[in-house]
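**Student:** One-letter residues, chain by chain:
Protein chains: 4
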Amino acid sequence: MNNKTLKEACGLFGVFGAPKASELTYLGLYALQHRGQEGSGIVSSDGEKIYDYKGMGLVNDVFNSQEILSNLKGDRAIGHNRYSTTGSSSLVNTQPILITYKDGQLAVAHNGNLTNAFTLRSRMEKKGSIFQSTSDSEIILHLVAQSNKNALVEKITDALSQVQGAYSLLFLADNQLIAARDPKGFRPLALGRLGKAWVVASETCAFDLIGAKYVRDVYPGEILSVSSKGLKSISPFPKQKHAFCIFEFIYFARPDSKIFGENVDKIRRRLGKKLAEEKSADADIVISVPDSSNTATLGYSEGSGIKTEIGLIRNHYIGRTFIHPDQRIRDFDAKIKYNPVKGVLRNKKVVVVDDSIVRGTTSKKLVKMLKKAGAKEVHFRVSSPPIKSPCFYGIDMPTKEELIGSNKSVEQIKKHLGADSLGYLSVEGMLSTSTLTRKENFCTACFTGKYPTPIEKNTGKLVLEKR
Amino acid sequence: MNNKTLKEACGLFGVFGAPKASELTYLGLYALQHRGQEGSGIVSSDGEKIYDYKGMGLVNDVFNSQEILSNLKGDRAIGHNRYSTTGSSSLVNTQPILITYKDGQLAVAHNGNLTNAFTLRSRMEKKGSIFQSTSDSEIILHLVAQSNKNALVEKITDALSQVQGAYSLLFLADNQLIAARDPKGFRPLALGRLGKAWVVASETCAFDLIGAKYVRDVYPGEILSVSSKGLKSISPFPKQKHAFCIFEFIYFARPDSKIFGENVDKIRRRLGKKLAEEKSADADIVISVPDSSNTATLGYSEGSGIKTEIGLIRNHYIGRTFIHPDQRIRDFDAKIKYNPVKGVLRNKKVVVVDDSIVRGTTSKKLVKMLKKAGAKEVHFRVSSPPIKSPCFYGIDMPTKEELIGSNKSVEQIKKHLGADSLGYLSVEGMLSTSTLTRKENFCTACFTGKYPTPIEKNTGKLVLEKR
Amino acid sequence: MNNKTLKEACGLFGVFGAPKASELTYLGLYALQHRGQEGSGIVSSDGEKIYDYKGMGLVNDVFNSQEILSNLKGDRAIGHNRYSTTGSSSLVNTQPILITYKDGQLAVAHNGNLTNAFTLRSRMEKKGSIFQSTSDSEIILHLVAQSNKNALVEKITDALSQVQGAYSLLFLADNQLIAARDPKGFRPLALGRLGKAWVVASETCAFDLIGAKYVRDVYPGEILSVSSKGLKSISPFPKQKHAFCIFEFIYFARPDSKIFGENVDKIRRRLGKKLAEEKSADADIVISVPDSSNTATLGYSEGSGIKTEIGLIRNHYIGRTFIHPDQRIRDFDAKIKYNPVKGVLRNKKVVVVDDSIVRGTTSKKLVKMLKKAGAKEVHFRVSSPPIKSPCFYGIDMPTKEELIGSNKSVEQIKKHLGADSLGYLSVEGMLSTSTLTRKENFCTACFTGKYPTPIEKNTGKLVLEKR
Amino acid sequence: MNNKTLKEACGLFGVFGAPKASELTYLGLYALQHRGQEGSGIVSSDGEKIYDYKGMGLVNDVFNSQEILSNLKGDRAIGHNRYSTTGSSSLVNTQPILITYKDGQLAVAHNGNLTNAFTLRSRMEKKGSIFQSTSDSEIILHLVAQSNKNALVEKITDALSQVQGAYSLLFLADNQLIAARDPKGFRPLALGRLGKAWVVASETCAFDLIGAKYVRDVYPGEILSVSSKGLKSISPFPKQKHAFCIFEFIYFARPDSKIFGENVDKIRRRLGKKLAEEKSADADIVISVPDSSNTATLGYSEGSGIKTEIGLIRNHYIGRTFIHPDQRIRDFDAKIKYNPVKGVLRNKKVVVVDDSIVRGTTSKKLVKMLKKAGAKEVHFRVSSPPIKSPCFYGIDMPTKEELIGSNKSVEQIKKHLGADSLGYLSVEGMLSTSTLTRKENFCTACFTGKYPTPIEKNTGKLVLEKR
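Chains as they are written, first to last, in the numbering used here: chain A, 61 to 527; chain B, 61 to 527; chain C, 61 to 527; chain D, 61 to 527.
Any given hint could be a false lead.
Heads up, the list lumps identical chains together, so a pair's fine if it works in one copy or across two of them.
Claimed, not checked - In silico lysine-lysine, DSS-like type, Cα no more than 30 Å apart, as pairs:
(1) Lys408 x Lys80
(2) Lys409 x Lys367
(3) Lys395 x Lys186
(4) Lys428 x Lys162
(5) Lys402 x Lys367
(6) Lys428 x Lys402
Just so you know, the hints here were simulated from the structure itself, not pulled from any lab data.
These numbers come from a predicted model, not from an experiment.
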């Protein structure tokens with residue numbers, strides 16, 4: 061899958077009660093780097109003052125001196141990794157967003173997307189509100205500030221009762237850290253413990269790096285507040301059917317993480333195995349598109365009995381500043397990322413497993429690349445169903461028009477890719493890989509078009525229209 | 061005067077109707093660099109979209125590639141230079157501030173300071189407003205967005221009718237540029253013409269660089285809107301007695317600028333001449349503290365008949381990253397900026413002219429430096445009266461407690477500095493240098509404590525309290 | 061294997077006869093990034109002038125603007141990636157080295173290490189020569205400049221007849237590019253064709269990216285000159301038994317490259333398979349230490365029948381500026397690179413395949429990490445024999461004292477690592493994986509201590525002693 | 061004078077016997093920044109090891125972290141500021157040059173230019189020497205290394221006995237610092253004391269900053285060695301008539317420095333006064349081209365009785381990255397540096413004093429600028445004679461063809477500039493300003509064409525021919 065066409069909507073990390081909280085947050089964000097590479101920020105507090113630092117680029121590029129972290133004082137902090145968008149000056153969209161309102165200062169970091177943002181924002185603008193970012197996260201802060209409730213948790217409850225859609229949220233005030241997750245639980249959010257401190261993160265891999273222990277997920281609909289008095293949990297919203305994002309399993313989450321109560325790598329391996337059962341292939345070898353489909357490829361190999369080979373090498377040194385050569389090097393953007401291993405491919409019937417196909421552009425180049433490297437046949441297998449509908453819950457997908465799965469039949473896509481065969485996993489097959497008792501726990505909207513919440517007319521167009 | 065203790069509150073530049081407006085704005089900001097060195101920003105528009113770019117540092121450091129300027133498309137733009145404050149992460153305070161509100165996008169750049177900011181902000185916060193910066197400029201945007209008026213000019217009028225204090229403002233929407241100046245005219249703002257385009261700038265030196273012609277000042281209390289239909293001027297507020305900041309003449313403005321209808325260098329020379337008349341000295345030579353008192357020194361020389369010499373050399377290479385040596389070099393911060401010319405000073409009775417004394421720290425070091433270099437006597441002369449009260453109209457001064465002129469008599473200051481004599485210009489002498497018919501046109505609050513507007517209890521504390 | 065303890069001695073790329081040669085060289089160096097990450101440089105020529113640019117860091121960091129490449133004019137160029145050393149100011153050691161001598165300008169890029177450098181350098185210094193770098197490559201340039209021969213190829217032949225050890229070399233003068241390889245062929249060097257242009261590279265993966273075709277290796281002992289008159293080959297030195305570096309197969313070369321006439325990935329897979337035959341294990345799963353042992357792990361799985369799993373996730377975002385946390389996070393340097401996949405490991409008997417063990421530090425941490433993640437047993441398998449002796453042919457290894465394989469028995473190492481069993485591949489097993497007819501073609505000195513050339517007393521100490 | 065056409069050949073600083081020698085050297089280089097802005101370097105030693113760091117840019121840009129200075133350990137160090145040349149990759153020419161030779165490591169920093177460099181270099185190249193820079197300083201190191209003498213001072217004496225031309229030199233070995241100055245004393249070099257440590261610098265302003273005391277000049281022809289045993293001085297060369305560069309007084313040296321036994325500012329003031337006597341003008345005001353002619357302007361004012369005004373404001377914020385606007389702003393490069401003060405100039409007959417005219421390009425733009433600002437008449441006065449011949453002793457001047465004084469009569473130049481009158485100081489007038497007893501002590505070659513040494517045919521062409 062081409063990272064350039066599909067992006068995750070951010071990584072969150074928070075800690076309360078540990079010395080040098082900003083250092084831990086830095087490490088947590090580093091472990092969550094795969095969830096967002098455009099910008100990074102940390103807001104910390106020592107109980108009296110609030111400190112913040114944000115910047116564009118990888119965590120390591122933003123926090124590039126010990127001094128920056130030392131200035132982020134205190135034993136509590138939240139941090140955020142942001143996904144990449146176009147526009148050189150989008151620092152304003154980097155999170156956490158820190159505001160001053162009647163009760164003092166408040167920071168928020170958000171993973172997800174609101175589906176009634178347009179309505180809420182229009183209503184607020186009509187009343188005279190101003191917005192400095194294009195993010196829907198700012199709306200939540202307005203709602204909190206406008207709430208007539210007293211305590212911060214109540215204000216947040218009040219605010220969240222008005223929003224719809226997907227949100228995993230971390231708030232930081234000087235005296236408390238609050239974590240919240242929407243009632244459908246679209247995005248993951250895990251709670252952990254590091255000594256006496258509490259930690260919260262989008263994925264458990266952030267806990268592993270700092271040596272924290274996974275306790276449980278923040279529950280869908282739960283609002284968890286951590287202060288010097290300890291942890292308090294409320295679940296103020298009516299229970300709803302869950303809608304865990306199945307795409308987290310398929311692509312986004314790191315395989316060493318546990319999300320939604322399951323090990324990502326296990327699901328991912330089962331996806332590959334199930335794919336092999338559903339869409340077998342007469343082939344000599346099976347290869348992955350590294351690294352995102354590595355685990356599914358092992359599953360396909362196990363399921364099919366076809367041996368795994370490493371047929372594509374991924375170059376990990378690609379930076380932000382790559383200079384595109386003037387001269388015509390065909391399919392340069394695919395070549396700069398992947399190189400085929402000719403000795404492995406020559407005269408072989410090859411199954412190549414990818415996790416998904418978005419626009420099909422890179423997939424097409426990969427097939428061409430494999431064939432040119434000597435593959436006799438290329439059987440493309442995808443460990444998820446065709447993506448037919450955009451996500452409105454926090455994944456930055458192209459429009460329906462650009463989604464190849466929305467506009468072409470599988471046969472047509474096969475021809476487009478130039479593959480000898482093409483096989484997608486079925487929706488049922490995909491859902492069968494989870495051990496969760498009720499499979500309707502998952503949001504499969506991008507594959508099925510069945511959105512678990514009403515979608516406002518203008519959802520997702522906020523960015524396009526306003527800027 | 062030590063730049064580190066007294067800072068100007070920003071430089072403004074705007075243009076409407078010229079191709080590559082952002083390039084002109086870049087040049088204008090460069091010419092206004094002396095009004096703010098911490099950060100810089102430009103917002104431009106091509107009539108459809110709004111583009112923005114901001115960063116920390118000098119204009120040249122922020123806009124360090126042609127690409128950045130090329131991305132700021134359109135024939136209209138506004139820009140802002142910000143003065144230096146503490147805190148590494150104050151990018152959020154860099155201007156222009158760009159917001160989205162019910163009518164679309166709006167950017168503002170502000171020079172000055174509101175004196176009822178605290179009240180306005182508290183009132184807004186009570187209603188649920190949020191603030192992302194610590195600047196009072198954000199308040200103005202809230203007021204504009206909350207206005208029930210229809211046209212943008214009306215909304216701005218509505219907003220400005222609620223604020224008190226000092227403001228020279230530039231607004232940019234996609235279809236117009238609006239310049240406004242408070243009814244007392246604290247801060248300068250000039251209107252110019254470049255071919256068919258209109259330009260606006262804090263000082264006329266910005267016009268010179270781009271070859272624009274000075275037309276007139278934006279009048280105190282005037283709101284000027286420029287659109288494709290041309291220039292429109294309204295003066296919706298009741299006339300008030302003017303209160304031009306006399307400190308602009310004494311220190312801030314470039315001597316090659318014309319502000320408040322007068323050539324800065326002429327006033328500055330007269331200040332020196334008047335000082336010589338009032339506070340003569342039995343001396344061999346008169347020297348300046350370069351570069352800010354160069355012109356006043358010439359005036360002093362003319363008035364006193366004592367010949368001018370260059371007795372202090374200023375090092376212009378000081379950058380932001382100067383590494384303070386670990387070892388004890390006495391009075392390092394003064395030495396790194398100034399070096400005495402021993403051959404000039406040795407065995408001489410020296411008059412040293414400075415434009416003002418704020419805390420007295422650097423002045424004391426200078427006297428010591430001059431004596432060590434061989435000066436037989438050092439007669440300190442200041443081309444302005446003692447600074448006794450902080451400014452609430454846009455100059456970032458220390459508190460009253462830190463102002464040496466507020467706490468010590470002239471005799472005590474003389475002793476503190478170690479000078480053989482000390483002479484300040486009188487308030488009357490200072491005012492006599494202007495050719496403006498009514499001398500009460502000037503704000504002299506920092507010298508006299510007579511503030512031309514009511515000052516709210518918490519004015520100027522916004523920053524300290526909130527962050 | 062811990063990248064921090066074992067480093068490759070550089071990547072080379074050259075091209076003659078293609079427009080924008082520096083762009084191609086940039087791409088070639090990018091594909092060879094794995095052979096050296098500390099610094100990078102390109103020297104180009106348009107037939108009249110010579111242009112050069114060098115810097116510290118990754119290829120993308122050094123060549124970070126189109127302008128830099130555009131300034132490197134001409135249709136011929138050579139480039140070099142350098143491995144990482146200590147010392148902040150080692151730019152002087154970055155290559156290509158460009159000199160002026162009696163015939164004009166000459167640049168050289170070198171992969172390898174001379175074993176009589178100390179003698180040569182001492183002899184030259186006695187005669188009054190000066191050295192600006194600590195690299196032995198500078199010696200070669202001195203020898204060329206001191207040669208009494210006429211043509212450049214002859215001078216180079218003359219020079220190389222005096223040096224011993226390992227060298228793959230690229231020279232660039234304004235009118236020709238010369239490639240040379242030592243008679244034993246320690247380091248790889250491949251010749252390719254891109255349209256009418258000739259290209260040379262350390263590994264064929266550089267050809268793939270630019271679409272060049274592999275023609276053949278530069279032969280051991282061959283000196284190849286490319287000019288506007290075409291290609292000329294001479295082999296002026298007596299034939300010697302080859303001594304291809306087997307460590308290139310084990311670790312350094314990219315699996316998608318062909319070196320020494322063989323596909324790297326095939327050898328690597330066979331190493332794993334052979335290891336499985338020699339050192340079986342009673343285990344549930346086999347995992348790799350990504351990414352260097354991925355292919356060998358597949359081989360082990362094939363050979364043993366134990367299924368492959370992904371048990372360690374590697375973080376690819378590690379940059380040069382990583383801030384080491386102040387607080388005690390145990391085994392931080394291993395954790396920051398690898399995270400175990402608990403779901404895969406829990407209660408499993410695990411074979412972990414690594415390509416080599418140098419100091420054993422990281423291996424020990426990995427075993428601990430795997431056990432902590434729940435592995436019931438950890439069986440460490442190494443797809444090469446114990447490293448017992450340092451390399452004097454271009455690989456930057458620790459001293460004999462620091463090599464764990466030199467000081468401990470396999471049983472002792474097992475205990476040190478805390479593994480349940482430890483198995484190395486035998487030397488015979490390793491050599492059996494090559495299809496080359498004569499197995500004594502390989503240099504196995506690091507495993508066997510049998511150096512294929514005499515080693516001067518001070519070889520490899522040049523750097524240590526002189527700087 | 062336009063800084064872009066005339067550049068100084070470097071600043072030197074050295075210290076022996078003071079803790080944190082590199083910090084002092086950093087400060088010394090900072091004070092000497094005006095002598096070279098392209099690159100900067102420091103080599104230090106703790107008596108055992110040698111440490112070095114070099115980079116492109118201002119001293120503050122190169123040494124931009126405390127860590128860099130901390131790594132330059134020891135109580136002895138030398139540093140160098142380099143002037144600006146073309147070519148992006150001239151880091152290789154940055155000094156000090158550090159080499160290894162038979163006796164260990166040796167660093168050199170050089171101010172000046174050898175006049176037999178071409179012969180020496182050709183002779184060395186014929187013998188097989190290689191050169192990595194285009195600087196003649198490398199030649200000196202070759203000669204030292206090739207010397208058969210024993211002690212380093214003897215080797216250096218041996219080397220310098222073979223070179224001709226201008227050199228002020230600092231050498232650093234681990235156990236000593238050696239300063240040397242050519243027998244004619246072209247370039248300045250001063251000796252000072254800081255507590256028990258010895259310091260050496262191109263100009264005394266470097267001593268002032270660190271609080272060191274000026275002791276005396278390093279004598280022409282002297283070789284001074286400083287070691288733990290103290291100071292030793294030898295003067296091994298036959299006495300020669302001195303040839304102090306008079307251009308140091310006219311332009312290069314800082315006015316607060318003492319060089320060649322005289323205060324720079326005093327000479328500079330006398331130059332202006334003498335100019336007034338020789339080339340009077342019927343004018344209202346006299347202005348300087350800041351800052352280089354400020355002092356001469358005071359002298360002109362004193363001599364003529366015409367009052368000084370500040371008629372041009374110089375912008376000190378120009379950085380290296382200034383983006384030249386695409387659109388046609390006439391005479392942009394002059395405008396970006398200078399802005400006329402209209403109020404001062406309008407309807408005035410103006411004398412403008414500049415220190416020299418090189419190509420005349422900037423002078424012409426200045427005249428135009430002054431007239432456009434309202435000056436009724438512009439009388440151009442130059443405080444030195446017409447520059448007719450290039451310098452071969454260390455000042456980077458344009459060729460004879462480009463020197464306007466070499467190709468046009470004063471009348472023609474006046475017309476070219478568009479000035480109402482033009483007056484240069486006479487050679488005799490210039491020489492009369494020195495109090496040194498024998499006026500033939502000065503090199504006036506650039507004004508008179510009388511070179512005090514033989515000039516080899518190819519002198520100064522080294523750079524042009526070789527690169």
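**Student:** All hints are to be evaluated individually against the structure, with a verdict given for each.
**Tutor:** Status of the hints after comparison with the structure:
1. Neither within a single protomer nor between protomers do lysine 408 and lysine 80 lie at most 30 Å apart by alpha-carbon distance, with minima of 55 Å and 36 Å respectively.
2. Taking the closest pair of Cα atoms, lysine 409 and lysine 367 come within 30 Å of each other both inside a single copy (12 Å) and across two copies (22 Å).
3. Taking identical chains as interchangeable, the C-alpha atoms of lysine 395 and lysine 186 are never at most 30 Å apart, the minima being 50 Å within one chain and 48 Å between chains.
4. Taking identical chains as interchangeable, the C-alpha atoms of lysine 428 and lysine 162 are never at most 30 Å apart, the minima being 60 Å within one chain and 50 Å between chains.
5. With identical chains, the CA atoms of lysine 402 and lysine 367 are at most 30 Å apart both within one copy (17 Å) and between copies (25 Å).
6. Within a single copy, lysine 428 and lysine 402 get their C-alpha atoms as close as 13 Å, which meets the 30 Å cut-off; across copies the closest is 37 Å, which misses it.
Going down the numbered hints, you'll see the structure goes against 1, 3 and 4, while the others check out.
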